[in-house]
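Asks: Listed below are the residues making up each chain.
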Amino acid sequence: MLVPVEITFQSTARRFVMHNGNFVPIEPSGKATIQCQQGVAQLLLFGIEGAPGATGTLTLKPQPPHTLKISSHPIQVKIAQGKTVAGGNRFFAVV
Amino acid sequence: MKTRDVLISTLLLPAILALPCSAVAQDSEQTEPKIPFNLETCRALFTPQGCCATPQMSQKVAEKADETRQGLPLAASEVAPTATTAVALTATDQDGRGVISFASNKQTPQGSTNSLALKVSAPFNQNQSVLASLAGLSGDIVASGSFSRFIWNISPQAYGDTLCQACQNAGITDLTECNETDLPRILQEKGLATESEIARRMNSLQDALFGRMPGTVLSFEASAGRKERTFFTPDGTKDKEDRSGYSFSALGGMILNGWSAYTRLTGKTDFKENDKATLCTPITDSILQNCTAQPLGEAKKVESLILATEARMFFRGFALAPSVQYDFDSEVWGFEAPLFLVRNADGGFTGGLKLAWRSDQEHLAAAVFVTRALAP
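As given, the protein sequences belong to chains A and B, one line each in that order. Sequential numbering of the first sequence, starting at 1194, is according to my numbering. Sequential numbering of the second sequence, starting at 20, is according to my numbering.
Extracted from the complex, chain A is given alone in its bound form:
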């Protein structure tokens, strides 16, 4: 069963999100929607590009009544001093 999961990626920096190896188009507001197979491990890969100190906050919200199995959420990302990019990943499942 496919469950829509709304992504909100708030950042003033340029950003990207990949879901299971594919880029996800993000609206300028930071919102995007992905479809996840219920009970199946999913991968989100994300990153930002900007000046050092720029941050991003990524939140996943599955369609109710579904919930997420995820660690360290909402996801925070920050560009380190002397760098211009930062990224990371989360494995999760919709239950």
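Treat the hints as calculated values from the structure; they're not laboratory data. A couple of the hints might just be wrong.
With a Cα cut of at most 27 Å, we get these calculated DSSO-like pairs of lysine-lysine [said to hold, decoys possible]: (1) LYS125/B / LYS1224/A; (2) LYS257/B / LYS320/B; (3) LYS291/B / LYS246/B; (4) LYS1254/A / LYS1271/A; (5) LYS1224/A / LYS1254/A; (6) LYS125/B / LYS1271/A; (7) LYS320/B / LYS287/B; (8) LYS125/B / LYS1254/A; (9) LYS1271/A / LYS209/B; (10) LYS320/B / LYS259/B; (11) LYS295/B / LYS320/B; (12) LYS138/B / LYS246/B; (13) LYS291/B / LYS257/B; (14) LYS259/B / LYS246/B; (15) LYS1254/A / LYS53/B.
Model the placement of chain B on the given structure of chain A, informed by the hints.
Replies: Just chain B now, kept in the frame of chain A:
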């Protein structure tokens, strides 16, 4: 590796069903069972659909992808077309000029962002909120267009291989904890690495994801402007002309990890008005004269072709953005070296000291400057 290793439903669902409904509905991060860590599963999820770790898995995942495609709306990431994420057509009043602009911003499933902007501006007729008609245009009209593309150049699989191996080495048993937030904590808790070693490993992960050049930028701009000019001919009669000036520019840029570099070529044809001359005519029954000043002769055509290159480098306490320019028509070199030392509340570099030099001027100029936050 079998599909059931990837599909964790057999592991998750019985546990979920055993939970009371209220527990499932609560904050999922606290109560959910684990997703067992498996190196192959971990790596396979970094692989784009259609190619997998083993032939059997490839087939299964391809089948799953087909099923997925049939059941998904267009917004789903797996089948998302080139999505127009923002289009805006606006008409505004800026400084007494009417501006009609169109902007489009698209992100594609290939990881690039395309931006298109078109803009036309013209003066309002005096005291009227309508654009001056072409027949009665009393001032200037400017049209401009720009297109830019940013392309991400990342290596998810190299990142996945490095991360998954690091998680395996750290003895992580829950796949959800295999990330750059939890991994350092686990390494520290287990005493598997020192703080500096953890920082080094996290840096290696970032390098694996972004490589040497995480992104590239391409941009094109063009504009044309018509301006009505009045002038005196040598015999003192007043004349007018409305030749159009135009410009174009092409820009290429590389975003590197810690700095960026850009090169821009700008061509421009413009018109420069001559020095003014004054024509005085006697006023009937008066010793006074009525004088009018206008440029003497038609405006001169000025052409320029400028090649500029700029680097933006970020360090721990300062940033540098040196640039070099060369004007092929006037054969003038220019050099600027802003040193950013001051930051705004958000941490962006906004001010500092600047050195500037031009080959047609003998001295080196120094100045304190404030500008908007420096971006890579």
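Asks: Now, for every hint given, state plainly whether the structure supports it.
Replies: Here's how the hints hold up against the structure:
no.	hint	in the structure
1	LYS125/B / LYS1224/A	holds, 13 Å
2	LYS257/B / LYS320/B	holds, 20 Å
3	LYS291/B / LYS246/B	holds, 11 Å
4	LYS1254/A / LYS1271/A	holds, 21 Å
5	LYS1224/A / LYS1254/A	holds, 11 Å
6	LYS125/B / LYS1271/A	holds, 24 Å
7	LYS320/B / LYS287/B	holds, 10 Å
8	LYS125/B / LYS1254/A	holds, 23 Å
9	LYS1271/A / LYS209/B	holds, 25 Å
10	LYS320/B / LYS259/B	holds, 15 Å
11	LYS295/B / LYS320/B	holds, 17 Å
12	LYS138/B / LYS246/B	holds, 17 Å
13	LYS291/B / LYS257/B	holds, 18 Å
14	LYS259/B / LYS246/B	holds, 10 Å
15	LYS1254/A / LYS53/B	holds, 19 Å
In summary, the structure agrees with every hint in the numbered list given earlier.
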